[in-house]
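Those protein sequences? They're chains F and H, same order as listed.
Our numbering numbers the first residue of the first sequence as 1 and each following residue consecutively.
Our numbering numbers the first residue of the second sequence as 1 and each following residue consecutively.
Read the hints as simulated data drawn from the structure, not as lab findings.
There could be a bad hint or two in this list.
What the hints assert, rightly or not - Partial list, derived from the structure: chain F residues whose beta carbon lies under 7 Å from chain H: (1) PRO185; (2) VAL186; (3) LEU188; (4) LEU190; (5) LEU208.
What the hints assert, rightly or not - Within a straight-line C-alpha distance of at most 27 Å, the following computed BS3-like cross-link-like pairs (lysine-lysine) qualify: (6) H:LYS57 to F:LYS15; (7) H:LYS57 to H:LYS15; (8) H:LYS57 to F:LYS113; (9) F:LYS15 to H:LYS119.
As the list claims (entries may be wrong) - To be clear about the criterion: a stretch of chain H counts as covered by chain F if any three or more of its residues have a C-beta under 8 Å from a C-beta of chain F, and this derived list gives those stretches: (10) 104 to 116; (11) 203 to 217.
Values in this document were obtained by computation on a predicted structure and should not be read as measured data.
Ideal Cβ positions, reconstructed from N, Cα and C, are used throughout, including at glycine.
Number of protein chains: 2
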Amino acid sequence: MTKKPITETTEHVPKAVVARLSLYLRQLQLVEQSGQATISSTQLGQMLSITDAQVRKDFGYFGQFGYPGIGYRCHELIHAIREILGTNEVRPVALIGCGNMGMALLGYRGFRKQGFEVKLAFDVDQDLVGREVGTILIHDFKQITELLPQFGIRLAILAVPAQTAQSVAEHLVFSGILGILNFAPVKLNLPASVSIVDVDLAVQLEQLSFGVVKVESSL
Amino acid sequence: MTKKPITETTEHVPKAVVARLSLYLRQLQLVEQSGQATISSTQLGQMLSITDAQVRKDFGYFGQFGYPGIGYRCHELIHAIREILGTNEVRPVALIGCGNMGMALLGYRGFRKQGFEVKLAFDVDQDLVGREVGTILIHDFKQITELLPQFGIRLAILAVPAQTAQSVAEHLVFSGILGILNFAPVKLNLPASVSIVDVDLAVQLEQLSFGVVKVESSL
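All chains, full assembly: derive it from the sequences and hints.
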């Protein structure tokens, strides 16, 4: 296993390759849970309907992780992917906006499982500020420039109304945020150094719809 | 362009291929919006960092959509994919559970854009039943066996607490639901004919985290 230094490798990695890292990670976690210690690129590819050449090419951006005659060691590859994704240690996340979506996300347990922890929550509504949700205190949005750097937070979940999203996002960038998970239905316009992922839940409904069409057509 | 009859084709289509259909669809919608009328499998693949062979193999499950010397006609391929996914006509969806997540989803505009409409909402809480959210009336959960078939609803979004999710899901299946978008943090155990997609928002945070690691390592 030979890893490339991060600065050398991650410059030109396509988004789609990074997206597939999450797929590989989830699949490897399942394989490891089932008690299987190693896996070939062919086998991993088959599980995800990806050619083995594509699997090797994807990992090739980051180094050489396989062993001749063995394949990948699941535990090692999981660790390597999480290192690439920066989730081997728990990453603190800030939640901005504690309306319905924000409150739902405060209770969402899936983040912790993959190495994320909502550490701070913010809102402008003074009726919400000071309230505790689980173990999280809702802070006044005015405090972000002070609190985000203090907690070393680089990732934010944006769950504010569409009309305020752009201006709130600019405040976040000013406070050191480098990545925004955007639930607001607007395209944010921010410096290129800031990563943005727009949540598109319709993708998942489409997957379901396909299954429904299949069953309906066989009825 | 030659489509295979649905019953012949969709039997053995891997989940990962269906997931990529959504990726192709989003990309083709962008390409078409930019004014480009045709696209080659190589070009489409490059945009998504997928080999052209993989692109052709994926579409090959459903028929022959390209033209020699032209490639794919964007408009036609978008229509074909939406037909495969069953979203050329608006698909009605039921929302089960009107807590924070449910309320947030009632206001989520991304569904409509891709061909889904939340038609009915349900809750067990009598304080919520009868309330109108936008144009949607919240119904008593007891009415699902009557209302879902009446509205021909096959897709449901499950946003109920973990401890009730399984029993609610069983009621949904009994009422004719064939696909469930599951926000509850439990593995549902349902007949194989029912499609389930578990929402995993951590995947999207991982994509962001990668961007953050990249910037941090260059600081």
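Each hint, compared with the structure:
| no. | hint | in the structure |
| --- | --- | --- |
| 1 | PRO185 | holds, 5 Å |
| 2 | VAL186 | violated, 10 Å |
| 3 | LEU188 | violated, 13 Å |
| 4 | LEU190 | violated, 12 Å |
| 5 | LEU208 | holds, 3 Å |
| 6 | H:LYS57 to F:LYS15 | holds, 21 Å |
| 7 | H:LYS57 to H:LYS15 | holds, 14 Å |
| 8 | H:LYS57 to F:LYS113 | violated, 34 Å |
| 9 | F:LYS15 to H:LYS119 | violated, 35 Å |
| 10 | 104 to 116 | holds (count 11) |
| 11 | 203 to 217 | holds (count 15) |
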